[in-house]
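S.K.: Note that the protein sequences, when read in sequence, are chains H and E. Counting from 1, one number per residue, gives the positions in the first sequence under our numbering. Counting from 1001, one number per residue, gives the positions in the second sequence under our numbering.
Bear in mind the hints are in silico, worked out from the structure with no lab data behind them. Backbone N, C-alpha and C define an ideal beta-carbon position, used for all residues, glycine too. Hints are not guaranteed to be accurate.
[Claimed, not checked] Pair ranges (Cβ atoms, derived):
(1) E:Asn1028 to H:Leu13: 20 to 26 Å
(2) H:Glu16 to E:Leu1079: 48 to 54 Å
(3) E:Ser1067 to H:Pro10: 34 to 40 Å
[Said to hold, decoys possible] Covered by chain E, per the in silico footprint, the following chain H stretches (three or more residues, Cβ under 8 Å):
(4) 42–54
(5) 94–103
[To be verified] From chain E, some residues computed to sit far from chain H (all C-beta separations above 10 Å):
(6) Asn1028
(7) Ser1033
(8) Val1050
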Amino acid sequence: GDSVTQMEGPVTLSEEAFLTINCTYTATGYPSLFWYVQYPGEGLQLLLKATKADDKGSNKGFEATYRKETTSFHLEKGSVQVSDSAVYFCALRTYSSASKIIFGSGTRLSIRP
Amino acid sequence: NAGVTQTPKFQVLKTGQSMTLQCAQDMNHEYMSWYRQDPGMGLRLIHYSVGAGITDQGEVPNGYNVSRSTTEDFPLRLLSAAPSQTSVYFCASSYSSMGSGTGNTIYFGEGSWLTVV
Chain H
1 GDSVTQMEGP
11 VTLSEEAFLT
21 INCTYTATGY
31 PSLFWYVQYP
41 GEGLQLLLKA
51 TKADDKGSNK
61 GFEATYRKET
71 TSFHLEKGSV
81 QVSDSAVYFC
91 ALRTYSSASK
101 IIFGSGTRLS
111 IRP
Chain E
1001 NAGVTQTPKF
1011 QVLKTGQSMT
1021 LQCAQDMNHE
1031 YMSWYRQDPG
1041 MGLRLIHYSV
1051 GAGITDQGEV
1061 PNGYNVSRST
1071 TEDFPLRLLS
1081 AAPSQTSVYF
1091 CASSYSSMGS
1101 GTGNTIYFGE
1111 GSWLTVV
């Protein structure tokens, strides 16, 4: 069945470091791909998305490119800030199961000043 | 535009008690769903609905009931609370269309933190 695998955390980085959080997926057809972010004590916010191969989603300095050949949607940021500390979820939605979104297990990111 | 509204935000229950988590959306979305979030397990689907009067089970439906009498509301009922149901619960909604743009996005409520003692 459809699934999302993302790198295990926690990930701890120093401020201004480069960030990559890996995400790969298994899905039938051509899913839409999402990154959601959850700040401490809060709900889920959409960070960025991509709906077709080679699309690049971007927001708040974060980027992710939909790679069909490697079934990946890795999240990157060139220079992280303390305020980026949160849990990041990779997710997908398919046409055959459009009523559901399938999540990875989440990656906790902590940024040291 | 309120989006997806969940209540209550925090609740403590005793084992065996019942309660209802409320969810309402004002975006005229066809799809609504409930997820639970547990440490290290991401979000797991409890129940979902593709329209008023239509509901179905997700990955972890046991111990929960839902109904959808209107497009706007999708309450989640815990029939007899158990400590294993201690979790954070999220309601979500979206349009049925998966075209590009905002129509493809799934919107989440702010969560309900439930503790069963």
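S.K.: Next step is simple, just say for each hint if it's right about the structure.
M.R.: So, going through the hints one by one against the coordinates:
1. Under the hint 20 to 26 Å, the C-beta atoms of Asn1028 (chain E) and Leu13 (chain H), about 41 Å apart, miss the expected range.
2. A hinted range of 48 to 54 Å holds for the C-beta pair Glu16 (chain H) and Leu1079 (chain E), which are about 51 Å apart.
3. As the Cβ distance of Ser1067 (chain E) to Pro10 (chain H) is approximately 39 Å, the hint placing it in 34 to 40 Å holds.
4. Requiring three or more residues with a Cβ within less than 8 Å of a Cβ of chain E, the coverage given for the stretch 42–54 of chain H holds, as 8 such residues are present.
5. Restraint check on the stretch 94–103 of chain H versus chain E: 6 residues with Cβ-Cβ distances below 8 Å, three needed, restraint holds.
6. Every beta carbon of chain H lies more than 10 Å from that of Asn1028 (chain E), the smallest distance being close to 16 Å; the non-interface claim holds.
7. Chain H draws Ser1033 (chain E) into its interface by the beta-carbon criterion, the shortest separation being 7 Å against a cut-off of 10 Å.
8. For Val1050 (chain E), the requirement that its beta carbon stay farther than 10 Å from each beta carbon of chain H is not met, with the minimum near 5 Å.
Hint violations for this structure: numbers 1, 7 and 8, all remaining hints satisfied.
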